[in-house]
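Student: Now for the letters of each chain:
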Amino acid sequence: MKNVWNNYRYLFFRRFTQISLLVLYFGANAWGWKMLQGNLSSSTILGVIPMSDPYAALQMLAAGAVLASDLLLGVLVVALFYFLIGGRAFCSWVCPINMVTDFASFVRELIGMNRLTGVKQPASRKLRYWVLALSLVVSAIMGLAAFEFISPISMMHRGIVFGIGFGWAAILIIFLFDLFVLKNGWCGHICPLGGFYSILGKFSLIRVKHNEENCTLCMKCKVVCPENHVLYMIGKESLPVLSGECTNCARCIEVCDDDALSFSLRSMAQNKKTGE
Amino acid sequence: MSRALSDRRKFILNMARGVGLATMGGFIWSAFIDEATAAKLTLRPPGALKEEDFLKTCIKCGLCVEACPYDTLSLAAPGDNKAIGTPFFIPRDIPCYMCTDIPCVPVCPTGALDASSVTTDDKLDINSADMGLAIVDEKSCVAFWGIQCDACYRACPILDVAITIEYSKNERTGKHAFLKPVVHEDACTGCGMCEHACITEDAAIKVLPRALVQGKAGSHYIKGWDKKDEKRLENAKEIKTVTEISKQKAADSLNGDLLEGLY
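Protein chains in written order, with our numbering: chain C, 1 to 276; chain F, 1 to 263.
Excised from the complex, chain C in its bound form (with noise of 0.2 Å):
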């Protein structure tokens, strides 16, 4: 029992979190809580800290809207808060997409898909800044902030919030796509978001670091982990993994049972030494 708590105990505070966040949200639309009102594209904690999204901001910027202070306020907490502490936590901490897609890694791996597609994956995990890159122009030609009319992580949220209507059909989307399509296709590969995420939080303080004296080559982690090229100096190099794209969702560290991998916080001398 207390084998199993040990290798999944991050994946239950991340759960946790990200569920919480849910109810709480539902919560102020349903019966009028004030925890935090919103949804994931703005938001306030008690109604008096603002958090905005970063990534929608930057899109109204390049469809040429006018910015409100209270949106940029937002901004720059949220912001702040993954460039200096989180790194991409977002993704596995508080986006509900993240349960969606970690099901069908977890049933592709289950039913064999992995087996039958093979490792060579036919799509570049570079396409998610392509995809950013992309949603930039289009926000600019169309006046609008492009992505946030597709985006399957806003009409999930909005749809547990406040009413899902056919919302389901884009989570369904996401779930056949990783299951059948591509691994860790939507998270891993295209998501701008995530991108965009993996662009500011490069230089955060919260890095998983690997200790290669204790690792014994099992290779159980590269195996978890959604983003594995991350995790090149498995088993290498005693190194902090400093790629931008690790979502610190703690996976290799609970699978680990030799000690290998654990949180530590990014040090000045650390950086210096490997050049970052």
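No lab work stands behind these hints: they were computed from the structure.
Even for Gly, the Cβ is constructed at its ideal location relative to N, Cα and C.
Fair warning: there could be bad hints in the mix.
To be verified - Derived contacts from chain F toward chain C, CB cut-off under 7 Å, selection only: (1) I59; (2) G62; (3) L75; (4) G79; (5) P109.
For chain C, the structure is supplied; the task is to place chain F on it using the hints.
Tutor: Relative to the frame of chain C, chain F by itself:
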């Protein structure tokens, strides 16, 4: 004839593929958004910017929806056939009840709901809101049949100003009166309380976005009896137009190129 591609060709092909896919995706994406935002029958909360700017500025957070004490507003979900995620209301279900403190407007973080547009003399003034315009379908409104009904008139929050009752003689019976509701464009806020109150099966008075209802005479029409309008003539410049006059005889018009090519 399969040969290995040179590095240069590989590079060029990869670039071409990237640009091609981006162009393709960009057009599909743009076309989808154009369609998805084409819905014209959308009533917005009070203080909303004009539709084009509203779509640009609204971040779809739903704070206005949560602030509304009457559950009037909803966020468009997939399947509502409205610009996705944006707030709207359907007055026949729940109209805007015109709160004097307009709670939905100040909470907007982006200014898509603009408090200054619903402010008169530094005070929020819901009567200056402009969500739409009510129109009466005279064919289905029973007041136009001669049956007494003033449900919309009574429901209107700007009573006897935005909707007035016009009296006229009912020639059919010869001894009764018509009491017909008339909407006044300048005063109507588009709250939809009239539509909500209307007694007919499908409301005979409906609120629609102004752009859909109102016409425009054009600036070249000037009301000679209106002193303010007449002033526009002061700065008017003379425009001379020359119309070419045909040198042919009138009868030739029948024999001209009009029929050419037909036979």
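Student: Now tell me if each hint is right for this structure.
Tutor: Evaluation of the provided hints:
Interface hint at I59 of chain F: satisfied, since its Cβ lies 5 Å from the closest Cβ of chain C, which is below the 7 Å cut-off. Given hint, G62 of chain F at the interface with chain C, holds; its Cβ is 5 Å from that chain's nearest Cβ, closer than 7 Å. Hint status for L75 of chain F relative to chain C: holds, with the closest Cβ pair at about 4 Å, below 7 Å. Residue-level restraint check for G79 of chain F holds (minimum Cβ-Cβ distance to chain C is 4 Å; threshold 7 Å).
For P109 of chain F, the shortest C-beta to C-beta distance to chain C is roughly 4 Å, which falls under 7 Å, so the interface hint holds.
Checked against the numbered hints above, the structure violates none of them.
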